[in-house]
Amino acid sequence: MTESAQVSVDERIKQESFLAKLMKRPELGAIAGAILVCIFFLITADPAMFTLSGVMNFMTPAAQLGILAIGAALLMIGGEFDLSIGSMVAFSGLFFGVCVVTWQLPLVLSIPMTFAFAAAVGAINGNIVIRSGLPSFIVTLAFLFILRGLSLVGLKMATGGSTQLRGVRDQVENDWLAPVFSGEAFGGLFAWLAELGVVETFKNGAPKVPGIPVEILWFIAITLAATYVLLRTPAGNWIFASGGDKVAASNSGVPVNRVKISLFMLTACCAALVAIITVMDAGSTDARRGFQKEFEAIIAAVIGGCLLTGGYGSAIGAFFGSIIFGMVVIGLTYTDFDQDWFQVFLGAMLLIAVLFNNAIRKRVTGER
Amino acid sequence: MEPILKGRNLVKRYGRVTALDHCDFDLMPGEILAVIGDNGAGKSTLIKAVSGAVAPDEGEIWLEGRKVDFHSPIDAREAGIETVYQTLAMSPALSITDNMFMGREIRRKGPLGSVFRMLDRPAMEKFARDKLNELGLMTIQNINQAVETLSGGQRQGVAVARAAAFGSKVIILDEPTAALGVKESRRVLDLIQDVKSRGIPIILISHNMPHVFEVADRIHVHRLGKRLCVIDPKDYTMSDAVAFMTGAKEPPEQDRAA
Ligand SMILES: Nc1ncnc2c1ncn2[C@@H]1O[C@H](COP(=O)(O)OP(=O)(O)OP(=O)(O)O)[C@@H](O)[C@H]1O
Ligand SMILES: [Mg+2]
Chain P
1 MTESAQVSVD
11 ERIKQESFLA
21 KLMKRPELGA
31 IAGAILVCIF
41 FLITADPAMF
51 TLSGVMNFMT
61 PAAQLGILAI
71 GAALLMIGGE
81 FDLSIGSMVA
91 FSGLFFGVCV
101 VTWQLPLVLS
111 IPMTFAFAAA
121 VGAINGNIVI
131 RSGLPSFIVT
141 LAFLFILRGL
151 SLVGLKMATG
161 GSTQLRGVRD
171 QVENDWLAPV
181 FSGEAFGGLF
191 AWLAELGVVE
201 TFKNGAPKVP
211 GIPVEILWFI
221 AITLAATYVL
231 LRTPAGNWIF
241 ASGGDKVAAS
251 NSGVPVNRVK
261 ISLFMLTACC
271 AALVAIITVM
281 DAGSTDARRG
291 FQKEFEAIIA
301 AVIGGCLLTG
311 GYGSAIGAFF
321 GSIIFGMVVI
331 GLTYTDFDQD
341 WFQVFLGAML
351 LIAVLFNNAI
361 RKRVTGER
Chain C
369 MEPILKGRNL
379 VKRYGRVTAL
389 DHCDFDLMPG
399 EILAVIGDNG
409 AGKSTLIKAV
419 SGAVAPDEGE
429 IWLEGRKVDF
439 HSPIDAREAG
449 IETVYQTLAM
459 SPALSITDNM
469 FMGREIRRKG
479 PLGSVFRMLD
489 RPAMEKFARD
499 KLNELGLMTI
509 QNINQAVETL
519 SGGQRQGVAV
529 ARAAAFGSKV
539 IILDEPTAAL
549 GVKESRRVLD
559 LIQDVKSRGI
569 PIILISHNMP
579 HVFEVADRIH
589 VHRLGKRLCV
599 IDPKDYTMSD
609 AVAFMTGAKE
619 PPEQDRAA
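Here the protein sequences come in this chain order: P and C.
All letters in the first sequence, in the order written, are residues 1 to 368 by the working numbering.
All letters in the second sequence, in the order written, are residues 369 to 626 by the working numbering.
Hints are supplied without guarantee of correctness; some may be wrong.
In the DMTMM-like style, the derived pairs of lysine to aspartate or glutamate whose C-alpha atoms are separated by at most 25 Å in a straight line are [stated by the list, open to error]: (1) K246/P / D425/C; (2) K246/P / D443/C; (3) K246/P / E446/C.
What the hints contain is simulated information worked out from the structure, not anything from laboratory work.
For reference, chain C alone in the conformation it holds in the complex (with noise of 0.2 Å):
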């Protein structure tokens, strides 16, 4: 089967810090690929080059086959890859809302949208609230809230919704529960599976091994800034991972990356 996402031979250097050193990478359709990795193997840089947040200084990258060159976010984004990146990127001083549809603003019908370029904050509020309350994100009141006034975890949720509301191709989520709590947790695991449900296929980066053995269908181990190996969570106990992505282990020769 042919991956959605190809990615061949990547390189991304940073000065004299080589973040991906000729990296390979593939996500197949309709399945959730677990990320790991030691802090500072280059899992954060992997998906900023295939999301178009940094540009790579070599490699290629495919979506559904056709080569593409992203040089922004936007033009990841309006292929249908939507990223919900470690950093998050929210707009502290803007509501909750204006975030979920940043860059994507509905307009009022009419000339009121096409001429005088009005928001239509009523239809943009009501989006917002369905989709937090999807996702849980109850103790959210007000949807017109500064996203600076929410704690971090209610941050994370509303990030997550916004990738799991607009992803149409590929949803990337760079450590989603990392500020969450165990409920909340569990209700960005539920979401992940119901958006594979749909067919959309995930990347999933995380430290959380319980987490990633639950819900992966592969693992992609990354070490010192390439795939090392990409294993079966069902073949493999969690400290193989572990010891794969230390180095403590070698891994087995029909997993390794080519």
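Chain P on its own, in the form it takes in the complex (with noise of 0.2 Å):
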């Protein structure tokens, strides 16, 4: 870069140090925090929870909740919200269940369609939004419970009065996209590292972590996907411009509603994945799946720096927060506390969370 070479120097604008520019990014705030949150467990929790296994353990429910906390995050860097991801899970669930089991159709039909059928669901969502004008939190506050009890009905009557539909497993056991979407990957590579012994194994030989369950790979491939969209392409830009201000970003030729319903439907599409994967794991579906899914997405995705007013955050830092969570949840239980604190543990972590995204904020914009 000769040019820049060139221009001359302005005496006022001083270069910026390294950790100036660090404490600007929205993603500091958790990183800082699943730091803090790795130091409380190393020091309280029983050291099998950093082994491989505890590990795992952990990363796989902060994977099913990163997922969606990707895709609430988009969203709310684009300046709306659902709530309705939630009952989202359960109602794709449903609709994936029948798809194998009622329909016996193959994956490789039943997840395209599942995903068709969340993203109509979502584009739904999206243009009552931005037809109304109203507030997405009243509108998908609407649908958590229509989705939610549509899933009732819809698992009765697609069971015969049952709230569950089982034979899922039955059903894709020996689907050849199977493994894409549950159990564990590279599982000839931890069975390699057993008999190595750098993978602990059972008394049979059998390693104990038998691969890296598929949600996790998902989860980290959908973070990095979603950080190159907001920070490598027009189109990060349109949705941070149309999260920022809606009319400027209009008026300065950015294709807003489309941007929003593309949005929704991304949610949408996020809620169904995890539909996809734990219905194939749990070999059944039932309409509690997902059950108030929607707040810990939005939690972690504050907690990863996105602004409730919109325009500003990450897709690392909801990746950060989604891992917090659920160091949280499983870290309790390998200590002496009592697990019930989880709920005070993240309330608190929230708070603390926004705290400090509203003060690093500031700073940013100079303390207006």
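Both chains come to you apart, so use the hints to assemble them.
Put into structure tokens, the structure is as follows:
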């Protein structure tokens, strides 16, 4: 870059230190929080928590929440909320279950159909919000109940009265697509590592950790993809702009409505992915699936630095927010604390995160 | 001569307020047209109507003799009309560069751009830096600074630079010097002349009479939601213009808008 060297230097602008730049990143709070929570459990918890199998143990719920939280974070950056994602997990789980069990479709059809179905519901959500001009908070609150209720009614219709639809496992067991959405990946690698003695084994020689649960890989892949889109593509700029100032964005050429509706569809698809993974894992689907996940996902996104007003936040932040969540839920079982402290912990984390992020924002914009 | 941008019978109501009341509008090729009027006269509404930011309730608009129907500022922009709104239209958390290219980002060449849709940030930054330097906005060093950290005048400078850089048929500036210092205002006036010499006509809304009389070829006087008259700055004084605009004086018959 020769031309940047030629630009005359203004003495009023001093080079920002690396630390000062770091302080302005939205994900800083979540990373710091994750380190603190880590230290807390290193001190208080049984050392088993930080063995390989312990880590997989807390990363699995973290990943299931995280897939939702990344979607929620993108939507929040785009200036909207979706309170229906938890119910959406149950609803798309029902649809997936019906595809697989009732209609006996192979996964190669069931999975795309489930995503298309979820995207359509997301598009309905988005269109109502955009066309009515109502806050997405209210519209999606309505869908929180509508979708949960439909899941119950639908399950009873599909099963003839039960609120649980079984038999998914038998249907998908031998499907070639099943390993992408269920079980553990890299089984061979872990078996080999066990032979080498790197991974702990049971008495019979099988590795204690049979592989990496697929949801963790999905979680990481989605985080990376979301970060790339946010920071390196036009779509990312449009998301920030739509959430920052809708009128300004539309006046400067951003298709704001299209951006927002796409984000609603994406969030719903994240819920569908979690539904597919967890339904295949459990072998059945029920109406309580995803209960209150919408709040946990939003909490993870907020801990990750997303502003409730939109236009600011990061996917990496939501990634660490979700890991904090997983560590707290599972970590308490490794300690002597009563597990019911979990909710207190979560609420306190949320409050601290919001206060912290607020202070950071004030610094960035110069105390305004 | 046929106007490059023409509006007829434009009406825009906001509830009980009639912001545009059967208003006509003409911009001639290559000219600088100033639009003056009291606060609330409907100047901003007029230019929003011709730039697609609001949909007029009635009336028709022609660009280069062709009837147009803009549904959004994107449509107007694709037709070559570039606007600096009074509220500037910047996305606060994004950088100067990202704001300048909002909605028309440059992507990398090859599959990185076409498949992975990756932004070509170096190319965008170079362009943005050049344009700001042309405007003399040298106090902005860091092209990656978030717009929310800029001063009001610097923001206005960025918005004007963006419009001047991309406008191909018409450039509309709604009070572009309102927040600017003396030196920066001068730069914007120079830039306006510069754009004119490239053959692109400009609509300038301003409350600053010396500026208006310095650069304008014609002055559209707006009053109570409609065009009162169009005057030649060489034929009238600034106090005449202010008197027409406030209603203290009746405009002469030959300049009256039809
Ligand atoms: N979005 C809106 N909703 C309701 N009323 C509006 C809106 N925009 C403008 N108005 C009204 O329309 C009228 C004309 O407003 P406009 O912004 O066009 O005035 P202006 O001539 O640009 O004034 P100024 O010189 O103060 O910028 C005003 O009475 C204003 O209150
Ligand atoms: Mg105005």
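Hint-by-hint comparison with the structure:
Among the hinted pairs, K246/P with D425/C is consistent with the structure: their alpha-carbon atoms are about 22 Å apart, no more than 25 Å. A threshold of 25 Å between alpha carbons decides the hint, and for K246/P with D443/C the separation of about 17 Å falls inside it, so the pair holds. Taking the CA atoms of K246/P and E446/C, the gap is near 20 Å; set against the 25 Å cutoff, the hint holds.
Violated hints are absent here; each numbered hint is respected by the structure.
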